[in-house]
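J.: Protein chains in written order, with this note's numbering: chain A, 1 to 204; chain B, 1 to 204.
Hints should not be assumed to be uniformly reliable.
Pairs involving identical chains hold if they fit within one copy or between any two copies, as the list cannot separate such chains.
Unchecked claim - Using 30 angstroms as the maximum straight-line C-alpha spacing, the simulated BS3-like pairs for lysine-lysine come out as follows:
hint, residue 1, residue 2
1, K166, K14
2, K14, K170
3, K14, K101
4, K145, K166
5, K67, K11
6, K14, K67
7, K11, K170
8, K166, K71
9, K101, K71
10, K67, K166
11, K170, K67
12, K166, K101
13, K145, K67
By construction, these hints were calculated from the structure, which means they are not laboratory data. This structure is a prediction, so every number in the text was calculated from the model and none was measured.
Protein chains: 2
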Amino acid sequence: MNDSLTEEVRKQRKTNYDIHPLILNRWSPRSMNGEELSDDELMPLFEAARWAPSSYNAQLWRFVYAKRQTKFWDTFVDLLLEGNRAWAQQAAVLVVVTSRKLFERNDKPAATYAFDAGTAWENLALEGTRRGLVVHGMQGFDYEKARRELYVPENYEVLAMIAIGKRAPKESLPSHLQEMECPNDRRPLDEIIVAGCFGSKDRS
Amino acid sequence: MNDSLTEEVRKQRKTNYDIHPLILNRWSPRSMNGEELSDDELMPLFEAARWAPSSYNAQLWRFVYAKRQTKFWDTFVDLLLEGNRAWAQQAAVLVVVTSRKLFERNDKPAATYAFDAGTAWENLALEGTRRGLVVHGMQGFDYEKARRELYVPENYEVLAMIAIGKRAPKESLPSHLQEMECPNDRRPLDEIIVAGCFGSKDRS
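The task is simple: from the sequences and hints, build the whole structure.
T.: Written as structure tokens, this is what we have:
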């Protein structure tokens, strides 16, 4: 439960401004050992997600999940595209993130249902990082199949999947994934902020 | 730059599982003192956003911002709906969060462009919280006007606004907002997680 930079992150990531080490420590390892997680290990991640901000505090996110060796495990594994399945089947828990597209109080469209679910996901990822777990978000799965197999209601959108598990040495991975098993970099700050308005740079 | 619960949060928020204090300390105050922020005070928040995870590490989020007493300030204030303008005009910085809907490498739809921007926003909010700033997300503004006035390209979606500023006592607020000036609560955990699949409970 560290509040200082991990060695692997310190080597790979440079910042121009001091930020909380927890934020920089979060990255997306793939190597997991296939062990299960107890509820005491898993639930704090959902608890962290729970405290995310949302428009009108509507909290429209819903995390559908399966632990290893439960009835739904194979269903979740089978949602993954092959590239992700190769490593993510070693997870302890697989999660499908969904969010309700309409406010519950009036069934009007919620402009930020996906954006807000992203905030909850980041809290989950940070709490997992704090606990030394692998927490890896994925777009590489069959969205329509997820809707069908998990009976996701029409009013909800399927947004992403998450693999959660205990870390293993990178040597546990298929060889082509081993060289990617380190914290990645980011664009320069000036590519993601715009003072004033678009147009001074061509951003189309 | 605390790593323990603030007094106001300790009084208002209870969790079933231990989570990082930074996550619980984040809430959305409205009372700000109208002072400016220097780049050294502001940029760490964008730096934190920069390190968020995203699908294919595409980082499609773009934060368009105006500081007080810059040319674009009035334009940003005028985007806000009246209820938000009443307090948010005391901010030091207003931000319009946008995200590119297509990957840059192939112009194919990016399924998680809004979701990923939400992760970046949460990092920004947490870093601001760590620094004792007000960081308040808003849906209450004119999305179409934002697109028009800030020349947001067709390929980008306008997602949310953010007010950032230095905190003031709640007595600085209009009286009807003073009673809301405390950390809010959340749904129970079992309303946002679903083991297995939808359907065991009616969630339509």
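J.: Give a verdict on every hint.
T.: Now for the hints, and whether the structure bears them out:
1. When the C-alpha separation of K166 and K14 is checked against a cutoff of 30 angstroms, the pair qualifies both within a copy, at 26 angstroms, and between copies, at 28 angstroms.
2. Proximity of K14 and K170 under a CA criterion of 30 angstroms is satisfied intra-copy only: 23 angstroms inside one chain copy versus 38 angstroms between copies.
3. When the C-alpha separation of K14 and K101 is checked against a cutoff of 30 angstroms, the pair qualifies only between copies, where the shortest distance is 28 angstroms, while the shortest distance within a copy is 38 angstroms.
4. Taking the closest pair of Cα atoms, K145 and K166 come within 30 angstroms of each other only inside a single copy of the chain (27 angstroms); across copies the shortest separation is 47 angstroms, beyond that limit.
5. Neither within a single protomer nor between protomers do K67 and K11 lie at most 30 angstroms apart by alpha-carbon distance, with minima of 33 angstroms and 34 angstroms respectively.
6. For a Cα distance limit of 30 angstroms, the shortest separation of K14 from K67 across copies, 26 angstroms, qualifies, whereas the shortest one inside one copy, 36 angstroms, does not.
7. In this homomeric assembly, K11 and K170 come within 30 angstroms of each other (Cα to Cα) only inside a single copy, at 17 angstroms, whereas the closest approach across copies is 44 angstroms.
8. In the homo-oligomer, the alpha carbons of K166 and K71 lie at most 30 angstroms apart inside one protomer (21 angstroms), although the nearest pairing across protomers, at 50 angstroms, exceeds that limit.
9. In this homomeric assembly, K101 and K71 come within 30 angstroms of each other (Cα to Cα) only inside a single copy, at 28 angstroms, whereas the closest approach across copies is 36 angstroms.
10. Taking the closest pair of Cα atoms, K67 and K166 come within 30 angstroms of each other only inside a single copy of the chain (13 angstroms); across copies the shortest separation is 43 angstroms, beyond that limit.
11. Taking CA atoms no more than 30 angstroms apart as the test, K170 paired with K67 passes inside one copy only; the shortest distance there is 23 angstroms, against 45 angstroms between copies.
12. Taking CA atoms no more than 30 angstroms apart as the test, K166 paired with K101 passes in neither setting, with 33 angstroms inside one copy and 33 angstroms between copies.
13. Within a single copy, K145 and K67 get their C-alpha atoms as close as 19 angstroms, which meets the 30 angstroms cut-off; across copies the closest is 45 angstroms, which misses it.
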